[in-house]
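Residue strings, one per chain:
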Amino acid sequence: MRLIAALTEKPWLTPGPGPSAPSAPAESESAARPWDKGVGLTVFLLVVTLLFTLMSSAYVMRMGGHAGHAGGGDWRPIGEPPLLWLNTGLLAAASLAFHAALGRARAGRPRRAGAALALGGALGLAFVAGQLLLWRALAGCFAGEAAAFCPAAAHGIPRGWAGDPAAAFFYLISGAHGLHILGGLVACALTGGRLARVDPGSLAARTGAARAVQLCARYWDFMALVWLALMGLFVST
Amino acid sequence: MATIADDLRPLHHPKTWIGRYVWSQDHKVIAIQYGVTAIGVGLFALVLSFLMRLQLGFPGRFDFIQPENYLQFVTMHGMIMVVYLLTALLLGGFGNYLIPLMIGARDMVFPFVNMLSYWFYLLSVIVLFAGLFVPGGPTGGGWTLYPPQTITGGTPGASWGILMMMASLGIFVIAFTMGGLNYVTTVLQARTRGMTLMRMPCSVWGIFVASIMGLLAFPALFVAAIMTILDSVVGTSFFVPEIVSMGEKTGHTGGSPILFQHLFWFFGHPEVYIVALPAFGIVSDLISVHARKNLFGYRMMVWAIVIIGGLSFFVWAHHMYVSGMNPYFGFFFATSTLVIAIPTAIKVYNWLLTLWRGDIHLRVPMLFAIAFLFTFIHGGLTGLFLGNVSVDVPLSDTFFVVGHFHMVMGVSPVLVVFGAIYHWYPKITGRMWDERLARLHFWITFLGTYAIFLPMHYLGMLGVPRRYYALGDTVFIPDSVHYANMGITIAAGLVFAAQGLFFYNMIWSLFRGPRADPNPWGAASLEWQTPDTPPHHGNWGERLPTVYRWAYDYSVPGAARDFIPQNEPPPAQNPAGGPQA
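From first to last, the protein sequence lines stand for chains A and S.
Numbering-wise (our numbering), the first sequence opens with residue 1 and increments by one.
Numbering-wise (our numbering), the second sequence opens with residue 1001 and increments by one.
In short, the hints are calculated from the structure, not lab data.
Since the model is a prediction, treat every value here as computed from it, not as a measurement.
Glycine residues also receive a C-beta, built at the ideal position from the N, C-alpha and C atoms.
Heads up, a few of these hints could be off.
Unchecked claim - Quick partial rundown of chain S residues pointing at chain A, CB under 7 Å, derived from the structure:
hint : residue
1    : 1106
2    : 1109
3    : 1174
4    : 1177
5    : 1181
6    : 1189
7    : 1229
8    : 1233
9    : 1234
10   : 1236
11   : 1257
12   : 1493
13   : 1496
14   : 1571
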């Protein structure tokens, strides 16, 4: 409603100072103020949403499930190895660790928040390692090994994963997601460094650090949700 | 007393020449870096277009233009003009320069990311140009880059050129995302006190909405680029079906070329408006300033920008009427396409009504703004033809389409860019350009535009196909087509040469032009009220301005001057101090 009120203002009628724009008190420590970063992150997450939505749409269209765009009839669904579920669990656990870090940072305990953040980062790294194992397992299918992951008819197909559209999409989409997780890990490491340097006596420094942890947690929750949606896509097709 | 609008953050002032002009985080320097790079690249694409015209006007006379060169010229010209010139110049150039100044901010919200955005853009340009020198040359698949054609033998640049193009586009998308995040966040967060959303000039609105659209549309190009690279290098079959090339199977199976077209146009159509909306915004401001009259229907203008931006995500498949689409989809996309005519027509009528009984000063920026109205209305009307499926089918892939899109999204935004450069040049450089040269440049460019693109509609009606190297002896093509082609080429040569006047004027005036008044046009918007011309780093000196009114208070009855700056308090207030927080 505030947006509608803002967009229906009649600016020619009301010369005067007007309601204040959302520019907020000065924050001297960083070039960008944390709430600017929050807005920036929200906009960025919108872009990421689009990216994965488009890749998922391409996936569905290539499957042949989309009217008028029947694929080549060469779609063989990939299996669901237990590792897939384990990785999902790791990602969710990382998200919980980031929330623990946020709670401690807000409570004014930057050191303990840093420890929880480190745990979250480690779980994130474990997720990436697990994804790499998945990739290897999938590659193994095309080298002739039988595994839970292998597409139903893939055994003995010499063309390799590139000739298998479901496998190619799995690499593409999970790879893009993994890169976003790695990017998040860099941000998390920077935040961890900031927590380690924070002066526990300074309220401004503590709240600033807590805001940074909050952005990390938000990003992580978002990427976990994206992964859940992608899992749903992989498992249901 | 410091109010909340006084931004007390210490600005990072660079100390060295390199810090100030090369690795600069100042939005104005980055804007000029973006602008100069984009115009330089655009100049290259202009040369390519003239080479194409030489071939079309005088086929066979120029040995150095072989069929594959011609296709490469077509491709590079289109891609550079749309992406590397217009998008980069209007958003990276004007967006960077105008947003902070027009909304009363000291800089973008994330200056470092802003700097990175430019350097990634430059990298994408370097990769693009490196593509000229790889084995096989640049890609010649047309700017739409449809697979399987672009990555199959026989198309110029099918092995290396297409990879360089796709890599360059991928880097460009990353650069744009960094810039776009800045533009959107800055508009949302860094407006000075009193600068409500509806007090922003239309230029900022156009750039703001176009930035959001770019953030949402460019991921589609990014995905398409990566998948094409994988199809080409690794041999996946996202887009490429089972085909036999040169008597041999390529090894691909089952890919969907239509899938690429959907991804490409989900980017490609919003891209048209990413270029058009900033131009709409800027032209609104030029017309209002130089007609000394408030913008007619300001709220409608803003809403129309937002509605056009939203609708443009639901029309992409009107580029695919002949690709083999379910007729019901064609009906849907034709309807949504034609619906866009409503907000667009609102804008056109409001521009005309702003001119109506205005105190029109026909200065050079105004000439370009009025010229834009001509070319845009012209291109918009031919768009109504092409938006209808049944009319589009016979006109598809003919010169009618070439005439249409050059009028509506080629020439129109370029005219606005010229107008905008002439308009803001005194603020950017502190110097004034030469009036006579500028007028000469305008008239040759404007009339030449019609001489070039109007006959193309006629050629298209006759069925002359686009992207053909030579027409040869074809029954349905009369001699008049060849004469028309010759005439177009001569006109193109004149317009091409006339751009020399522009560059000479700009560069000469930079050093020898007379010192400009800080506000030579008597404009009310905030960027003309800076304490210094050109503005210094930080833009506003000690205190940020406070905004008391909208940007269009021209010829207000009873006012002392024929404009009231946005930061001038209303008479009832204490004129010196402004209101207390």
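These are the hints, each one checked on the structure:
1. The interface hint given for residue 1106 of chain S is broken, as the beta carbon of that residue sits about 10 Å from the closest beta carbon of chain A, more than 7 Å.
2. At about 5 Å, the closest approach between the beta carbon of residue 1109 of chain S and any beta carbon in chain A falls short of 7 Å, and the interface hint on this residue holds.
3. Contact between residue 1174 of chain S and chain A, as hinted, is not supported at the beta carbon level, the nearest pair being about 11 Å apart and thus beyond 7 Å.
4. Because the beta carbon of residue 1177 of chain S sits about 6 Å from the nearest beta carbon in chain A, less than 7 Å, this interface hint is met.
5. At a threshold of 7 Å, the smallest CB-CB gap from residue 1181 of chain S to chain A is about 5 Å, leaving the interface hint in force.
6. Annotation: residue 1189 of chain S was flagged as interfacial toward chain A, and the flag holds, the nearest CB pair being 5 Å apart, inside 7 Å.
7. With 7 Å as the threshold, the beta carbon of residue 1229 of chain S stays out of range of chain A, its nearest partner Cβ sitting at about 11 Å, so the hint is violated.
8. Hint status for residue 1233 of chain S: violated, given a least beta-carbon distance of 10 Å to chain A, over 7 Å.
9. Given hint, residue 1234 of chain S at the interface with chain A, holds; its Cβ is 5 Å from that chain's nearest Cβ, closer than 7 Å.
10. Hint status for residue 1236 of chain S relative to chain A: holds, with the closest Cβ pair at about 4 Å, below 7 Å.
11. Violation of the interface hint for residue 1257 of chain S is found here, the shortest Cβ-Cβ separation to chain A being roughly 10 Å, above the 7 Å cut-off.
12. Residue-level restraint check for residue 1493 of chain S is violated (minimum Cβ-Cβ distance to chain A is 43 Å; threshold 7 Å).
13. Interface hint status for residue 1496 of chain S: violated, as the beta-carbon distance to the closest one in chain A is roughly 38 Å, over 7 Å.
14. A cut of 7 Å between beta carbons decides the hint on residue 1571 of chain S: the least distance to chain A is about 9 Å, and the hint is violated.
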